[in-house]
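All chains should be modelled from the sequences, with the hints used to inform the complete structure.
2 protein chains.
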Amino acid sequence: MREASRTLLMMPDTLRTRAILALADLVDANHTLLLEANARDLVKMTPVNPLYDRLQLTDSRLDAIVSDLRHVAALPCPLGEVMEERTLPNGIELRRVRVPYGVIGVIYEARPNVTFDVFSLCLRSGNACILKGGKDASESNEAAIGLIHRALRECGINPDVAVLLPSTHEATEALLNAVGYVDLCIPRGGRRLIDFVRDTARVPVIETGAGVVHAYFDRLADLETGIRVVDNAKTRRVSVCNALDTLLVHSSRLADLPALCKTLGDKGVEIHADARAYEALSGHYPDRLLVRAAEADPEREWMDMKMGLYTVDDIDIAVEHISRYGSGHSETIISEDPVAQSIFTCRVDAACVYVNLPTSFTDGGQFGLGAEIGISTQKLGPRGPMGLREITTYRYILTGHGQVRK
Amino acid sequence: MREASRTLLMMPDTLRTRAILALADLVDANHTLLLEANARDLVKMTPVNPLYDRLQLTDSRLDAIVSDLRHVAALPCPLGEVMEERTLPNGIELRRVRVPYGVIGVIYEARPNVTFDVFSLCLRSGNACILKGGKDASESNEAAIGLIHRALRECGINPDVAVLLPSTHEATEALLNAVGYVDLCIPRGGRRLIDFVRDTARVPVIETGAGVVHAYFDRLADLETGIRVVDNAKTRRVSVCNALDTLLVHSSRLADLPALCKTLGDKGVEIHADARAYEALSGHYPDRLLVRAAEADPEREWMDMKMGLYTVDDIDIAVEHISRYGSGHSETIISEDPVAQSIFTCRVDAACVYVNLPTSFTDGGQFGLGAEIGISTQKLGPRGPMGLREITTYRYILTGHGQVRK
Numbered sequence: 000m001r002e003a004s005r006t007l008l009m010m011p012d013t014l015r016t017r018a019i020l021a022l023a024d025l026v027d028a029n030h031t032l033l034l035e036a037n038a039r040d041l042v043k044m045t046p047v048n049p050l051y052d053r054l055q056l057t058d059s060r061l062d063a064i065v066s067d068l069r070h071v072a073a074l075p076c077p078l079g080e081v082m083e084e085r086t087l088p089n090g091i092e093l094r095r096v097r098v099p100y101g102v103i104g105v106i107y108e109a110r111p112n113v114t115f116d117v118f119s120l121c122l123r124s125g126n127a128c129i130l131k132g133g134k135d136a137s138e139s140n141e142a143a144i145g146l147i148h149r150a151l152r153e154c155g156i157n158p159d160v161a162v163l164l165p166s167t168h169e170a171t172e173a174l175l176n177a178v179g180y181v182d183l184c185i186p187r188g189g190r191r192l193i194d195f196v197r198d199t200a201r202v203p204v205i206e207t208g209a210g211v212v213h214a215y216f217d218r219l220a221d222l223e224t225g226i227r228v229v230d231n232a233k234t235r236r237v238s239v240c241n242a243l244d245t246l247l248v249h250s251s252r253l254a255d256l257p258a259l260c261k262t263l264g265d266k267g268v269e270i271h272a273d274a275r276a277y278e279a280l281s282g283h284y285p286d287r288l289l290v291r292a293a294e295a296d297p298e299r300e301w302m303d304m305k306m307g308l309y310t311v312d313d314i315d316i317a318v319e320h321i322s323r324y325g326s327g328h329s330e331t332i333i334s335e336d337p338v339a340q341s342i343f344t345c346r347v348d349a350a351c352v353y354v355n356l357p358t359s360f361t362d363g364g365q366f367g368l369g370a371e372i373g374i375s376t377q378k379l380g381p382r383g384p385m386g387l388r389e390i391t392t393y394r395y396i397l398t399g400h401g402q403v404r405k
Numbered sequence: 000m001r002e003a004s005r006t007l008l009m010m011p012d013t014l015r016t017r018a019i020l021a022l023a024d025l026v027d028a029n030h031t032l033l034l035e036a037n038a039r040d041l042v043k044m045t046p047v048n049p050l051y052d053r054l055q056l057t058d059s060r061l062d063a064i065v066s067d068l069r070h071v072a073a074l075p076c077p078l079g080e081v082m083e084e085r086t087l088p089n090g091i092e093l094r095r096v097r098v099p100y101g102v103i104g105v106i107y108e109a110r111p112n113v114t115f116d117v118f119s120l121c122l123r124s125g126n127a128c129i130l131k132g133g134k135d136a137s138e139s140n141e142a143a144i145g146l147i148h149r150a151l152r153e154c155g156i157n158p159d160v161a162v163l164l165p166s167t168h169e170a171t172e173a174l175l176n177a178v179g180y181v182d183l184c185i186p187r188g189g190r191r192l193i194d195f196v197r198d199t200a201r202v203p204v205i206e207t208g209a210g211v212v213h214a215y216f217d218r219l220a221d222l223e224t225g226i227r228v229v230d231n232a233k234t235r236r237v238s239v240c241n242a243l244d245t246l247l248v249h250s251s252r253l254a255d256l257p258a259l260c261k262t263l264g265d266k267g268v269e270i271h272a273d274a275r276a277y278e279a280l281s282g283h284y285p286d287r288l289l290v291r292a293a294e295a296d297p298e299r300e301w302m303d304m305k306m307g308l309y310t311v312d313d314i315d316i317a318v319e320h321i322s323r324y325g326s327g328h329s330e331t332i333i334s335e336d337p338v339a340q341s342i343f344t345c346r347v348d349a350a351c352v353y354v355n356l357p358t359s360f361t362d363g364g365q366f367g368l369g370a371e372i373g374i375s376t377q378k379l380g381p382r383g384p385m386g387l388r389e390i391t392t393y394r395y396i397l398t399g400h401g402q403v404r405k
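In the order they appear, the protein sequences are chains A and B. The first sequence maps to residues 0 to 405 in numbering that gives the first Met the number 0. The second sequence maps to residues 0 to 405 in numbering that gives the first Met the number 0.
One or more hints might be untrue.
[To be verified] In the DSS-like style, the derived pairs of lysine-lysine whose C-alpha atoms are separated by at most 27 Å in a straight line are:
1) Lys261(B) x Lys405(A)
2) Lys405(A) x Lys266(B)
3) Lys305(B) x Lys261(B)
4) Lys261(A) x Lys405(B)
5) Lys405(B) x Lys266(A)
6) Lys261(A) x Lys305(A)
7) Lys305(A) x Lys405(B)
8) Lys405(A) x Lys305(B)
9) Lys305(A) x Lys266(A)
In short, the hints are calculated from the structure, not lab data. Here the structure is a predicted model, which is why all the values come from computation and not from measurement.
Encoded structure:
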């Protein structure tokens with residue numbers, strides 16, 4: 000694997016691109032094979048299981064996979080960029096050059112499209128990948144890796160640059176302990192998977208995804224902006240990591256809460272409010288959707304048409320709340336006050352900090368990265384949406400003619 | 000601590016600088032206090048212990064600490080740099096801004112000067128630090144943190160931005176498990192410490208230091224360059240991580256070995272050679288310094304006047320050897336052949352790859368970083384020598400006026 004990953008360093012970028020395009024053609028021509036394999040997975044799951052929909056492949060989903068593969072093939076190559084170039088006083092030429100990580104392990108759950116997604120992003124950035132998919136999708140993933148290996152062979156690339164692990168617990172343990180063989184491990188999935196990986200891994204890990212996301216409606220917030228931002232952040236898609244979980248409202252603006260939350264009520268968002276906010280909304284928000292916040296609510300990532308609502312007496316308390324309960328993913332302030340904006344963007348320590356915008360924009364595509372392998376919520380390594388550039392590292396190359404150090 | 004670390008974000012850089020200068024003055028004025036504390040540590044250790052010298056403070060070492068502190072205070076501030084600035088098609092202004100990690104934990108061994116070093120680099124880059132020094136240096140470190148807290152208080156900075164942990168195993172465990180409180184942990188010390196930290200930590204870690212370093216003397220190497228490079232890499236300082244451990248020689252150049260290694264023999268370097276190299280050197284190298292390589296030698300970081308020596312039949316085998324036994328620290332090729340140079344710099348995956356230069360240059364000062372908190376040997380996060388910039392991360396700040404995502 001390590002040896003195979005090194006062959007990626009020496010090949011022209013056009014060859015890696017060609018393999019991804021070949022894979023797109025293979026997927027396009029093999030709907031039946033993929034759908035039959037997927038059907039063998041689906042019969043093992045009841046359709047009422049919420050994972051069923053994620054697991055299911057359809058003709059249109061396969062078309063989307065083909066289109067995504069072609070898109071990744073069309074992105075600019077992230078490798079070889081000279082990030083820094085200097086001549087040291089002793090005449091040594093120092094360059095800092097962008098290179099792949101080498102071998103990236105990705106652990107994910109029941110979505111078979113992730114197999115194609117991760118493979119193409121890793122190959123495009125010169126990385127070999129070890130794929131560990133969910134047990135529920137094992138037949139689909141076997142079919143996918145079969146096509147991936149065919150595409151690689153067609154292009155004369157060592158198929159060992161993409162390995163699918165058996166979907167066993169032992170395979171996961173081995174991957175997480177492969178010090179010296181795996182340069183980076185990225186878990187893609189729910190909080191439990193991520194916690195397990197972080198707690199178990201001896202190889203470097205990038206935590207992704209889990210987002211406890213806040214919006215702070217400031218003393219000097221514009222109400223119309225607030226309505227748009229809160230609605231879009233909360234209701235655009237409730238099951239994604241950038242969705243709003245908690246609204247913090249400045250106590251001087253409690254009277255605006257009915258207007259601020261009207262759209263949420265119309266759409267059926269259940270609000271878990273603290274005492275002051277509850278009182279301000281009572282009679283102005285659907286009764287069945289208004290409940291008192293429980294003790295554990297501030298730390299919840301709802302993933303549902305539900306939202307926490309807390310009153311704060313000043314921006315410092317808002318920042319403190321976010322620091323305590325936020326997961327470093329995405330946070331936004333609604334305010335027309337430049338001082339408050341600046342305090343917020345300076346002190347709120349998240350990957351993405353917004354001013355007068357919904358957190359829904361935290362996304363590789365929206366950021367112009369062209370694609371996304373995940374959203375990092377840790378500070379070591381890339382932060383926020385990770386595109387091709389974010390799954391590369393650098394190397395110092397120093398050239399001289401026998402200078403020595405005193 | 001988290002709260003204290005946030006105060007660092009809001010203060011002007013001049014205040015952080017002033018605190019470091021105040022500390023320099025305090026160290027300058029308190030030699031007696033520091034030397035007495037150090038003496039209490041030293042009595043607990045026998046002078047023949049190799050750690051004794053590392054532990055010992057002297058007037059001239061304190062002067063060096065003062066000078067290092069003033070140097071760190073004079074470096075440019077790494078924070079606030081706008082690394083990227085774009086307007087997205089929907090009018091959103093996206094900026095990527097350099098910010099501190101937050102809270103950095105550093106675990107180190109018996110050198111009391113590291114306490115001042117780590118504190119000043121962390122403070123200068125806006126990071127709070129948790130210091131876990133070695134038990135042997137506990138009195139010295141207590142005295143040091145006392146002066147650090149005095150300097151911080153004099154400047155009106157919350158002294159909690161620098162915390163010294165008790166030198167117990169429990170404190171280390173707590174630090175390594177402080178998910179959500181510690182953003183980054185850097186072990187500084189020997190291989191055992193680093194392995195322990197990597198295997199135990201649930202917080203993100205940067206592995207530092209350990210270097211199994213190679214020089215490859217190519218078919219088309221210039222002999223004079225090779226003599227200079229090998230001598231400097233091996234004998235400049237044998238106890239540092241960038242020191243040469245293994246020389247790989249192209250089989251067509253075995254006849255040059257006596258000349259290549261002459262200086263090493265004069266200086267007393269013991270060579271552990273494979274069969275072919277042993278034969279080539281026999282009779283041309285001091286007998287008592289020439290031994291046959293043992294099986295475990297290729298993976299040894301010697302830290303001594305000793306060196307492995309292996310014969311390779313081509314550059315691919317050299318690259319393979321380095322991939323297998325190297326630690327990703329520093330590697331060098333001696334060759335006049337541009338093709339060999341390019342294969343080596345492309346395929347050898349180390350933080351620092353050299354052409355016709357000794358690996359002794361792997362050092363923050365030599366790289367022009369101004370200072371160094373360690374040398375990273377992993378690929379996630381900063382790689383190679385880490386200065387102030389390398390202990391910062393970034394944050395996306397997006398500003399709009401109520402745009403929403405479709």
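Verification of the hints:
no.: 1; hint: Lys261(B) x Lys405(A); in the structure: holds, 20 Å
no.: 2; hint: Lys405(A) x Lys266(B); in the structure: holds, 16 Å
no.: 3; hint: Lys305(B) x Lys261(B); in the structure: holds, 14 Å
no.: 4; hint: Lys261(A) x Lys405(B); in the structure: holds, 20 Å
no.: 5; hint: Lys405(B) x Lys266(A); in the structure: holds, 16 Å
no.: 6; hint: Lys261(A) x Lys305(A); in the structure: holds, 14 Å
no.: 7; hint: Lys305(A) x Lys405(B); in the structure: holds, 20 Å
no.: 8; hint: Lys405(A) x Lys305(B); in the structure: holds, 20 Å
no.: 9; hint: Lys305(A) x Lys266(A); in the structure: holds, 11 Å
This entry satisfies every hint, going by the numbered hints stated previously.
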